[in-house]
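Sequence lines, in order, name chains A and B.
Under this note's numbering, the first residue of the first sequence carries the number 2, and numbering increases by one thereafter.
Under this note's numbering, the first residue of the second sequence carries the number 2, and numbering increases by one thereafter.
No wet-lab data here; the hints were simulated from the structure.
What you were told as hints is all true, and nothing was included just to trick you.
Pairs involving identical chains hold if they fit within one copy or between any two copies, as the list cannot separate such chains.
Computed list of lysine to any residue pairs in SDA-like fashion (alpha-carbon distance at most 25 Å, straight line):
#1 Lys-96 with Pro-74
#2 Lys-115 with His-40
#3 Lys-30 with Asn-51
#4 Lys-115 with Ile-88
#5 Lys-123 with Ala-18
#6 Lys-96 with Ala-29
Number of protein chains: 2
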Amino acid sequence: MIGRLNHVAIAVRDLGAACAVYRDTLGAKLSEPLPQPEHGVTVVFVELPNSKIELMEPLGEGSPIESFVERNPGGGIHHVCYEVDDIIAARDRLKGQGARVLGTGEPRIGAHGKPVLFLHPKDFLGTLVELEQV
Amino acid sequence: MIGRLNHVAIAVRDLGAACAVYRDTLGAKLSEPLPQPEHGVTVVFVELPNSKIELMEPLGEGSPIESFVERNPGGGIHHVCYEVDDIIAARDRLKGQGARVLGTGEPRIGAHGKPVLFLHPKDFLGTLVELEQV
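Model the full structure from these sequences, guided by the hints.
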């Protein structure tokens, strides 16, 4: 069911410092910062040949990554995102197997303009999993 | 400098249960379990179209992932692995920028039979980074 590893997301307090680590120290190519007020984050994509790293900084009040960044002030991996062909079919299959889908269970439009869902880390090896329909 | 995202490694207590999550719940293709006594782990690769997830279980006494699994009994992301063309050049560049290389600083032969190094999580956004020469 799952397809490509779309991205690995790393949440940080200071996006500028995080960009310096990936651009200057690791020598990777970065996108421009993209504020996403509807998601409460500003993101930069590290563009690798086969996938992406999404660097995320909290934006505005009540950012969904604020508590994560408070618990992990030096940063940390926040989630992994797998691509699926049909997010509704994927959701129904997962729920049928007893896996928990976060929120209302209805897909939202994610950071790339595509429908996404998040799955409960306790059902996926301590890893927050995003599914994105591509 | 960094190239492809070679894999994301998830450490777990129970490799069989972890395989069931990726094979049965997420519908992915898995390799056979590969015991690596010289690394203190047994691994299974989740084969995605563009990258891999490495599921790791402690093997034997003094496994290097034993303490991680004790701290994260439900599992968790242990490291990400980026490919580099020349691991000695990469190491020297990183050390020149003040980044900490773990262990002796000399590459070891990793799980794929290639030279690898690990970088200090505190210098890389709270993320343990493996570099693998390909």
